[in-house]
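Undergrad: Chains U and A are the protein sequences, given in the same order. Residues 1 to 399 in the working numbering are what the first sequence lists, from first letter to last. Residues 1 to 399 in the working numbering are what the second sequence lists, from first letter to last.
It should be emphasised that the hints constitute simulated quantities derived from the structure, not laboratory data. Glycine included, each C-beta is placed from N, C-alpha and C at the ideal position. Please note: incorrect hints may appear among the correct ones.
The calculated DSS-like cross-link candidates involving lysine-lysine, where the alpha carbons are at most 25 angstroms apart (straight line), are [as the list claims (entries may be wrong)]:
(1) Lys242(A) - Lys116(U)
(2) Lys116(U) - Lys354(A)
(3) Lys151(A) - Lys141(U)
(4) Lys113(U) - Lys14(U)
(5) Lys243(U) - Lys264(A)
(6) Lys301(A) - Lys264(A)
(7) Lys326(A) - Lys242(U)
(8) Lys133(U) - Lys301(A)
(9) Lys151(A) - Lys141(A)
(10) Lys243(U) - Lys243(A)
(11) Lys141(U) - Lys133(A)
(12) Lys101(A) - Lys133(U)
(13) Lys151(U) - Lys354(A)
(14) Lys326(A) - Lys133(U)
(15) Lys264(A) - Lys264(U)
(16) Lys101(U) - Lys354(A)
(17) Lys101(U) - Lys101(A)
(18) Lys133(U) - Lys243(A)
(19) Lys141(U) - Lys14(U)
(20) Lys151(A) - Lys382(U)
(21) Lys151(U) - Lys141(A)
(22) Lys113(U) - Lys113(A)
(23) Lys243(A) - Lys126(U)
(24) Lys326(A) - Lys303(A)
(25) Lys133(A) - Lys151(U)
(26) Lys77(A) - Lys53(A)
(27) Lys242(A) - Lys264(U)
(28) Lys126(A) - Lys116(A)
Simulated restraints, written as ranges between beta carbons of each label pair [as the list claims (entries may be wrong)]:
(29) Lys14(A) - Val375(U): 28 to 34 angstroms
(30) Lys14(A) - Gln154(U): 41 to 47 angstroms
(31) Leu80(U) - Asp30(A): 35 to 41 angstroms
(32) Ala150(A) - Asn94(U): 53 to 59 angstroms
(33) Glu55(U) - Val161(A): 41 to 47 angstroms
(34) Ser82(A) - Leu80(U): 43 to 49 angstroms
Under 7 angstroms between C-beta atoms, here's a sample of chain A residues computed to sit facing chain U [what the hints assert, rightly or not]:
(35) Leu80
(36) Met96
(37) Leu121
(38) Tyr123
(39) Asp162
(40) Gly222
Each chain is listed here by its residues.
Protein chains: 2
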Amino acid sequence: MNSSNQASNLPLPKLLVIDDETEFRVSVCDYLQNNDYRVVQANNGEEAIELFKKEKPNLVLCDLRMPSIDGLNVIEKLSLFSDMTPIIALSGENDMDDVMKALLLGAADYFIKPIKDFELLEYSIKRGLREAKLQEENQRKSMQLELGNAKLRQSLDLLRVDQQAGRVVQTSLLPQSPFSSINYNCQHKIIPSLYLSGDFTDYWQTDDNELVFYIADVSGHGASSAFVTVLLKYLARQLSLKKEGDSESSPAVLLSQLNNELVKSDLPKHVTLFLGVLSADRQQLTYSVAGHYPMPVLRLKGKYQYLTGRDFPLGIRTGTEFSDIKIALDQDFSLNLFSDGVLDLLPKGNMTAKETFLLALVERCEGDFNAIANVLCLDSVKDAPDDIALLTINSRKTN
Amino acid sequence: MNSSNQASNLPLPKLLVIDDETEFRVSVCDYLQNNDYRVVQANNGEEAIELFKKEKPNLVLCDLRMPSIDGLNVIEKLSLFSDMTPIIALSGENDMDDVMKALLLGAADYFIKPIKDFELLEYSIKRGLREAKLQEENQRKSMQLELGNAKLRQSLDLLRVDQQAGRVVQTSLLPQSPFSSINYNCQHKIIPSLYLSGDFTDYWQTDDNELVFYIADVSGHGASSAFVTVLLKYLARQLSLKKEGDSESSPAVLLSQLNNELVKSDLPKHVTLFLGVLSADRQQLTYSVAGHYPMPVLRLKGKYQYLTGRDFPLGIRTGTEFSDIKIALDQDFSLNLFSDGVLDLLPKGNMTAKETFLLALVERCEGDFNAIANVLCLDSVKDAPDDIALLTINSRKTN
Numbered sequence: 001m002n003s004s005n006q007a008s009n010l011p012l013p014k015l016l017v018i019d020d021e022t023e024f025r026v027s028v029c030d031y032l033q034n035n036d037y038r039v040v041q042a043n044n045g046e047e048a049i050e051l052f053k054k055e056k057p058n059l060v061l062c063d064l065r066m067p068s069i070d071g072l073n074v075i076e077k078l079s080l081f082s083d084m085t086p087i088i089a090l091s092g093e094n095d096m097d098d099v100m101k102a103l104l105l106g107a108a109d110y111f112i113k114p115i116k117d118f119e120l121l122e123y124s125i126k127r128g129l130r131e132a133k134l135q136e137e138n139q140r141k142s143m144q145l146e147l148g149n150a151k152l153r154q155s156l157d158l159l160r161v162d163q164q165a166g167r168v169v170q171t172s173l174l175p176q177s178p179f180s181s182i183n184y185n186c187q188h189k190i191i192p193s194l195y196l197s198g199d200f201t202d203y204w205q206t207d208d209n210e211l212v213f214y215i216a217d218v219s220g221h222g223a224s225s226a227f228v229t230v231l232l233k234y235l236a237r238q239l240s241l242k243k244e245g246d247s248e249s250s251p252a253v254l255l256s257q258l259n260n261e262l263v264k265s266d267l268p269k270h271v272t273l274f275l276g277v278l279s280a281d282r283q284q285l286t287y288s289v290a291g292h293y294p295m296p297v298l299r300l301k302g303k304y305q306y307l308t309g310r311d312f313p314l315g316i317r318t319g320t321e322f323s324d325i326k327i328a329l330d331q332d333f334s335l336n337l338f339s340d341g342v343l344d345l346l347p348k349g350n351m352t353a354k355e356t357f358l359l360a361l362v363e364r365c366e367g368d369f370n371a372i373a374n375v376l377c378l379d380s381v382k383d384a385p386d387d388i389a390l391l392t393i394n395s396r397k398t399n
Numbered sequence: 001m002n003s004s005n006q007a008s009n010l011p012l013p014k015l016l017v018i019d020d021e022t023e024f025r026v027s028v029c030d031y032l033q034n035n036d037y038r039v040v041q042a043n044n045g046e047e048a049i050e051l052f053k054k055e056k057p058n059l060v061l062c063d064l065r066m067p068s069i070d071g072l073n074v075i076e077k078l079s080l081f082s083d084m085t086p087i088i089a090l091s092g093e094n095d096m097d098d099v100m101k102a103l104l105l106g107a108a109d110y111f112i113k114p115i116k117d118f119e120l121l122e123y124s125i126k127r128g129l130r131e132a133k134l135q136e137e138n139q140r141k142s143m144q145l146e147l148g149n150a151k152l153r154q155s156l157d158l159l160r161v162d163q164q165a166g167r168v169v170q171t172s173l174l175p176q177s178p179f180s181s182i183n184y185n186c187q188h189k190i191i192p193s194l195y196l197s198g199d200f201t202d203y204w205q206t207d208d209n210e211l212v213f214y215i216a217d218v219s220g221h222g223a224s225s226a227f228v229t230v231l232l233k234y235l236a237r238q239l240s241l242k243k244e245g246d247s248e249s250s251p252a253v254l255l256s257q258l259n260n261e262l263v264k265s266d267l268p269k270h271v272t273l274f275l276g277v278l279s280a281d282r283q284q285l286t287y288s289v290a291g292h293y294p295m296p297v298l299r300l301k302g303k304y305q306y307l308t309g310r311d312f313p314l315g316i317r318t319g320t321e322f323s324d325i326k327i328a329l330d331q332d333f334s335l336n337l338f339s340d341g342v343l344d345l346l347p348k349g350n351m352t353a354k355e356t357f358l359l360a361l362v363e364r365c366e367g368d369f370n371a372i373a374n375v376l377c378l379d380s381v382k383d384a385p386d387d388i389a390l391l392t393i394n395s396r397k398t399n
């Protein structure tokens, strides 16, 4: 067996040979030095411990029977300094009890003196060195991984905290839910795909006791889309629903202005939106649609159906025209609005199948917000591919 | 040495003993079974390989001299199936060459037959099992860490991509830089602490050839603050600088409206802002300050000094009053605006010391944007605790 210690550019392994029998010790050291090991030697336990601390050998050969501090004692002490340095016990034929004790103390291997086969000794040394190196590498690798892990977790926490703070701000922009105006009940839920949502909803009662409401979906999701919802919320509440001289509120008038303002804002996003105005005085819903999908489901006279109509999304080009659609209501109705993220929660199928399913679902739940949320398992939605928004509005029962 | 295999609730270790000498094999198996090992035995190589595959033992004892397939061959084959299962070679006294070969093939240890000390054999078995378990645990731990790492990296990437997309949107809201109006040059730089910035700046030329500009710092930083900058940008560009009948632009008029709109928006943030209007016709700077700090540095007639004045931040309460301050300019001036994040880049000291340092820095750089950016090492800023914003405006030299 040829030693390959010199083949690499690494420093030669350093061995500490401990034995009080000079002749034996020197013969072992000579053999090892001739096979490209650096060797330091000690002829008693005290010297061995000093040398171990000073020289930091890669492996130790230690005779068990020595005067003063015996080998077992030395092994025990050396193990305290470094449990990574392999120790090979050297023992007389009749000291197998000591060998056993040495092994229990952590010795990696043992040899009976006189050593009959130096190649076997060298093999044991190589194996000890290899295992120590492996153990060290394992530890280093684990440490690196753990360090990398900690760093990643730190970066992640930083971003999460940031996004969470953004979410708090965004949530503060959402209307109270549930909310009751004089004539209507509103309830909504927004589930962001990540932390920040491109879906948004708002509703408020006007001075004329009308209820204005919308559900919107900014293209994309996350922070970039959430940005636009801030502006949307502000604009929708500021812009007028009426042209000068108009008596009735017109969602189309607001959408048209909203569109122009969003285009002016130069934000690289477009918005689909359904905007409605409910007037109890007129018993009427007036709405206008900026490309929103799916359309809301209206329950009227016990019948559930999708509203119709669909103009162009907002924020793409100025001058887009929107139209108002009017629906006469009676005193008992409900209206369920969704963003398209809801469709991802439905059984696989094409869009027509999903629309049919959603309509049936609303009907089965009798348009009830909580029942629908329950069937869709909204509380356990995680890692949704898109933001999810639900808004339900119904007439207050005047019992 | 008492076996402790039965102490735990784990299944007993399973050993495969391979030897063609029945008497020896049975004696070894008996000893091991009596010491709480499960034992399967094979009396030849073929059977051994089949049993190994079928029984998946935790450790193998393998005689080296067997008819048909010899032990070395068996060890080689078993190592191919699983290099994690320790193998102890059993050999006659005169077969040390084979022992050496077995060790080189990966055997964990060897024993010379007849076995004189079964306790030593059992010790070797225990050590082999322990090391295999350790190796397995190391591998599992590494794998778990790597898996955890990959998951963390994935989550991090998701958030980074999201924030990056937000940053693109936010950057799209910033004005062109450098930018030259008829009379002035503008240049700015925003360095977010994370991805999204609560610092913001904007400037534009009005129809009256005035230059309106501001630098703003939304409280906090990151996504939540960046939200507000979207609204800020929109509002500042929409709101009027003049009351009805006014002839001169009034930053205070705009700040007052901006403040009311921000308060109305219910965003849980306040904003410090410096707003100025430069009129070449009047050779005049008019500005109003909403709590912004540090104040801009003005170079006029070769002298550098901080502007003065400081009203209340925006977005805290409606009705805050702001005042206009007018400065007569000559044809050659420069104006350097900063957000307070810049102060973190200066040598440690109290605020007065930092202000003095910043003023001297601007003077040394002669108000030049790139020179200042250079001295502040803006290109190498990383992980700044706060967002950093710089805006420089100077008169165009009419050579």
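Undergrad: Against each hint, give a clear statement of whether it holds in the structure.
TA: Quick rundown of the hints versus the structure:
no. : hint                                     : in the structure
1   : Lys242(A) - Lys116(U)                    : violated (105 angstroms)
2   : Lys116(U) - Lys354(A)                    : violated (79 angstroms)
3   : Lys151(A) - Lys141(U)                    : holds (18 angstroms)
4   : Lys113(U) - Lys14(U)                     : holds (22 angstroms)
5   : Lys243(U) - Lys264(A)                    : holds (24 angstroms)
6   : Lys301(A) - Lys264(A)                    : violated (43 angstroms)
7   : Lys326(A) - Lys242(U)                    : violated (41 angstroms)
8   : Lys133(U) - Lys301(A)                    : violated (72 angstroms)
9   : Lys151(A) - Lys141(A)                    : holds (15 angstroms)
10  : Lys243(U) - Lys243(A)                    : holds (24 angstroms)
11  : Lys141(U) - Lys133(A)                    : holds (18 angstroms)
12  : Lys101(A) - Lys133(U)                    : holds (22 angstroms)
13  : Lys151(U) - Lys354(A)                    : violated (33 angstroms)
14  : Lys326(A) - Lys133(U)                    : violated (75 angstroms)
15  : Lys264(A) - Lys264(U)                    : holds (22 angstroms)
16  : Lys101(U) - Lys354(A)                    : violated (70 angstroms)
17  : Lys101(U) - Lys101(A)                    : violated (29 angstroms)
18  : Lys133(U) - Lys243(A)                    : violated (80 angstroms)
19  : Lys141(U) - Lys14(U)                     : holds (24 angstroms)
20  : Lys151(A) - Lys382(U)                    : holds (16 angstroms)
21  : Lys151(U) - Lys141(A)                    : holds (18 angstroms)
22  : Lys113(U) - Lys113(A)                    : holds (18 angstroms)
23  : Lys243(A) - Lys126(U)                    : violated (90 angstroms)
24  : Lys326(A) - Lys303(A)                    : holds (17 angstroms)
25  : Lys133(A) - Lys151(U)                    : violated (29 angstroms)
26  : Lys77(A) - Lys53(A)                      : holds (11 angstroms)
27  : Lys242(A) - Lys264(U)                    : holds (21 angstroms)
28  : Lys126(A) - Lys116(A)                    : holds (18 angstroms)
29  : Lys14(A) - Val375(U): 28 to 34 angstroms : violated (52 angstroms)
30  : Lys14(A) - Gln154(U): 41 to 47 angstroms : holds (44 angstroms)
31  : Leu80(U) - Asp30(A): 35 to 41 angstroms  : holds (39 angstroms)
32  : Ala150(A) - Asn94(U): 53 to 59 angstroms : holds (56 angstroms)
33  : Glu55(U) - Val161(A): 41 to 47 angstroms : violated (53 angstroms)
34  : Ser82(A) - Leu80(U): 43 to 49 angstroms  : violated (35 angstroms)
35  : Leu80                                    : violated (20 angstroms)
36  : Met96                                    : holds (5 angstroms)
37  : Leu121                                   : violated (11 angstroms)
38  : Tyr123                                   : holds (5 angstroms)
39  : Asp162                                   : holds (4 angstroms)
40  : Gly222                                   : holds (4 angstroms)
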